[in-house]
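Given the sequences, and given the hints that come with them, work out the whole structure.
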Amino acid sequence: MPLESTAESPFLTPFSNSSSENLAILYLSRDLQVPVQLKEASQTLSRTETNSATNSDADRDIVVNTRFGSFPHSTLVDLPWGSQVLASKVDTGSWAKKPNGKKRKRDESQKGEPSEHDRDSEELSSRREQGQRQAKPVIAADSGFAHLVPPTPEIWTRALKHRTQVVYTPDYSYILQRLRVRPGTCLIEAGAGSGSFTHAAARAVFNVAHVRKKKKYGKVYSFEFHEPRAGLLEQDIVGHGLQSIVQLTHRDVYKDGFCVDDASIEGAPRADAIFLDLPAPWLALKHLIRGGTTEGSYSSPLNPRTTTRICTFSPCIEQAQRTITTLRSLGWVEIEMVEIMHKRLEVRRERVGLQEEGLRGVNPSPANVSEAFERLKEIEGRQRAFHENQPEEQKAKQAMANSLGMISKAERLKNIRDAEAKRKLYKEGRLVHRTEPELKTHTSYLVFAVLSRQWTADDEKLCREKWPLGDA
28 MPLESTAESP FLTPFSNSSS ENLAILYLSR DLQVPVQLKE ASQTLSRTET NSATNSDADR
88 DIVVNTRFGS FPHSTLVDLP WGSQVLASKV DTGSWAKKPN GKKRKRDESQ KGEPSEHDRD
148 SEELSSRREQ GQRQAKPVIA ADSGFAHLVP PTPEIWTRAL KHRTQVVYTP DYSYILQRLR
208 VRPGTCLIEA GAGSGSFTHA AARAVFNVAH VRKKKKYGKV YSFEFHEPRA GLLEQDIVGH
268 GLQSIVQLTH RDVYKDGFCV DDASIEGAPR ADAIFLDLPA PWLALKHLIR GGTTEGSYSS
328 PLNPRTTTRI CTFSPCIEQA QRTITTLRSL GWVEIEMVEI MHKRLEVRRE RVGLQEEGLR
388 GVNPSPANVS EAFERLKEIE GRQRAFHENQ PEEQKAKQAM ANSLGMISKA ERLKNIRDAE
448 AKRKLYKEGR LVHRTEPELK THTSYLVFAV LSRQWTADDE KLCREKWPLG DA
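Counting from 1, position 470 in the sequence shown corresponds to residue 497 in my numbering; the numbering is continuous, with no gaps.
For the record, the hints were derived by calculation from the structure and aren't laboratory data.
Under the rule of at most 30 Å between Cα atoms (straight-line distance), these lysine-lysine pairs were calculated in the DSSO-like manner:
1. Lys451 to Lys441
2. Lys441 to Lys404
3. Lys370 to Lys454
4. Lys451 to Lys436
5. Lys66 to Lys188
6. Lys188 to Lys370
7. Lys313 to Lys282
8. Lys436 to Lys404
9. Lys449 to Lys436
10. Lys454 to Lys441
11. Lys404 to Lys449
12. Lys282 to Lys188
13. Lys436 to Lys454
14. Lys116 to Lys188
15. Lys66 to Lys116
So this is what it looks like as structure tokens:
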């Protein structure tokens, strides 16, 4: 069984630093992550393109453009995970310009002689072949920053391009736990879609470093009916180094079932767990039965030596009802339907009072009657001083304001900011919490069921020999 590729998968054994030709995630905000397949600047042009390129073309770097700024790949390679990367100033307009900003044509008399531009290009190509090329310095911009994080199934679920509705982290974490998926488990997934659940399942079944002494290797047999989606997902699986764990098949499982050809497993897939994300999962259940229960020869995709657990993912209650009816008729037991209601709770301290004026994330209203009375006195004093317009009384009004302890708003805000540094804000205020404003109240109904292991006459005989019963 080929194991070399999985050892380099960033989803299974992440490196300490980012590197070229590997996947990285630009974490811009909680709801915005961008996947990036890192490439060095020297890899952006082929050998033929370099011979005819200008200096600016050869130094060209791939750039990720976001609303927080531009991030050249050269600033993202060989960084520790979690690093904060500043956006860079990128002059993309100069890439298309000729030297000195002008276009020129070679004279008829100069056609046989190499131009200065040609000699520069040849010299640049020679330096690149010798590994002596110097990269242009990158200038930081003030537009923003991002964090560079390693790819995980959780982050990949948020960052991937949604080709279909995906299974989110709260759902697939609960599903994998209920299906008892662990290192060495063989799992069937039907309806792979965008590959969110596929990546999470691959990590769950992966044996630690896939040590060769292990008797059983984890495997995910994934099925997808839509051929273009299957092709795109196959590219993701190979690019992420998961091809020795995930076997993707383009097939209509309603008609053709789940059995596959796998040289490493006899009678593949011999599944211990099943996840069906299909529009009509009850149509595929006829292929998920034990061998010998139908007329004629039948090869079951289930492992006959273990208890098999199944989960179906259905958005509508009518789909769940038909699935449950079919499961009962086929001998599945312990049938249960679950709905995941996931929400975030924001816990913070709520600070109220006039001493919070001008600060962020607070309520600068009066906290009690005394503060409200003092603020009213200040407002009334300012009104009296405003309505008395006699110039000769300006000094008297200023003296009256000073006697009342009135100061300007700018001075008051400055005093509040100076006092903030000395306060223990983590202790002040009332501890409160609230739920996130945009709550995803429903994703799908999860139907779970269990099918006991296959029990034959030979199994019964071995059991009686091992634990003989006394005379009745």
